[in-house]
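Asker: Chains as they are written, first to last, in numbering that gives the first Met the number 0: chain A, 0 to 160; chain B, 0 to 102.
FYI, nobody ran anything at the bench for these hints, they're computed from the structure.
Please read all numbers here as calculations on a predicted model, not as lab measurements.
Take the hints with a grain of salt, since some may be wrong.
As the list claims (entries may be wrong) - Listed next, the in silico BS3-like pairs over lysine-lysine satisfying Cα-Cα at most 25 Å (straight line):
no. : chain 1 : residue 1 : chain 2 : residue 2
1   : B       : Lys6      : B       : Lys33
2   : B       : Lys88     : A       : Lys151
3   : A       : Lys151    : A       : Lys62
4   : A       : Lys155    : B       : Lys33
5   : B       : Lys41     : B       : Lys88
6   : B       : Lys41     : B       : Lys6
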Amino acid sequence: MKNYIKLELAALGENEGFARNAVAAFALSLNPSLNELSDIKTAVSEAVTNCIVHAYSHEKGKKIVIECEVERFDEGGELHIRITDFGVGIEDVERATMPFFTTLPEGERSGMGFTIMQTFMDDFCVESKMGEGTTVRMRKRIGCLPTQEELKACEKERVNA
Amino acid sequence: MRICAEKRGETLYISVSGELDEHNAARARMEADKLAENCVGKTVRAVFDLGSISFMDSTGIGFLIGRYKRFARFGIPMYVTNLNTTTDKILQMSGIYTIIPKI
C-alpha cells in the first residue's frame with residue numbers, strides 16, 4: 000500500500016523550516032541518500048516560500064496544503080509531493096517558471112525558485128487559476144539504480160572533465 | 000542562523016551558519032551589513048564562508064548578490080568558500096560564480 004500524509008499549515012514564514020523538515024522526515028522510509036534528502040528539502044522550501052511570499056494579498060485564512068505519497072519498488076521508490084495554496088494565482092505560469100523571473104526584485108529575490116524545484120526533482124509541474132490558487136506537483140525517484148541514459152550522461156560528463 | 004565576521008590582514012571573513020531561508024533572510028542581511036560596515040576600511044577583499052550552513056535555498060542567491068552590490072560600492076571584490084554539495088549546486092545553477100568566485 001502507498002503511504003500518504005496531508006499537512007495543512009498557515010502560510011507564515013516561520014513554518015518554512017517545519018514544512019521542509021516534515022516532508023524530509025516522511026521521505027525517510029524510502030532510505031534516501033543525504034543528497035536526495037537535501038534536494039527534497041530545498042525544493043519544498045522553494046514551493047512553500049512561494050506560497051508565503053506571493054500567493055496571498057490578504058492576511059486572513061492564508062493556508063498551504065502539503066500532500067505527500069511514497070511508493071516503494073523492489074529497488075528504491077518514489078516520492079510524490081503536491082503543494083497547494085488558495086491565493087491569487089499566477090497569471091503566466093510559463094513566464095513565472097523562467098530562470099530569474101521575479102515579480103518582487105526589490106526584496107533581493109533571485110527568481111530561481113521554480114528553476115531549483117525543476118532541477119532538484121525528477122518531475123515538476125505547476126497548475127494555477129487566477130483568484131483560486133496554485134498547485135505545484137513534484138516527483139522524485141529515491142534510491143533507484145540509475146537508468147542506462149543516466150549512466151551514459153555520467154560517463155560523458157566524466158570524459159569531458 | 001548566525002553571522003560572524005573576522006578580519007585577517009586585509010581580508011574580511013564573514014561566516015554564515017545555520018539555516019538561510021526566506022524567513023530569516025532579513026535578519027541575515029541586516030547582521031551581515033552591520034558587520035561589514037564596521038570593517039570596510041582597509042578591507043581589500045570579502046570572503047563569505049558558507050561551511051556551517053545547514054540549509055540554504057534560492058534565498059542564498061539573493062542574499063549573496065545583495066552583499067556583493069554593497070561591497071562593490073567600496074570597490075571590494077567578494078568571494079565564497081567552503082560550499083557543500085547543495086549550496087554549490089544552487090550557486091552554480093544561478094551563474095553567480097562569474098561575479099562572486101569560489102575559492
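Asker: Starting from the hint list further up, note which numbers the structure goes against and sort them upward.
Answerer: As far as the earlier hints go, 3, 4, 5 are violated by this structure, in ascending order.
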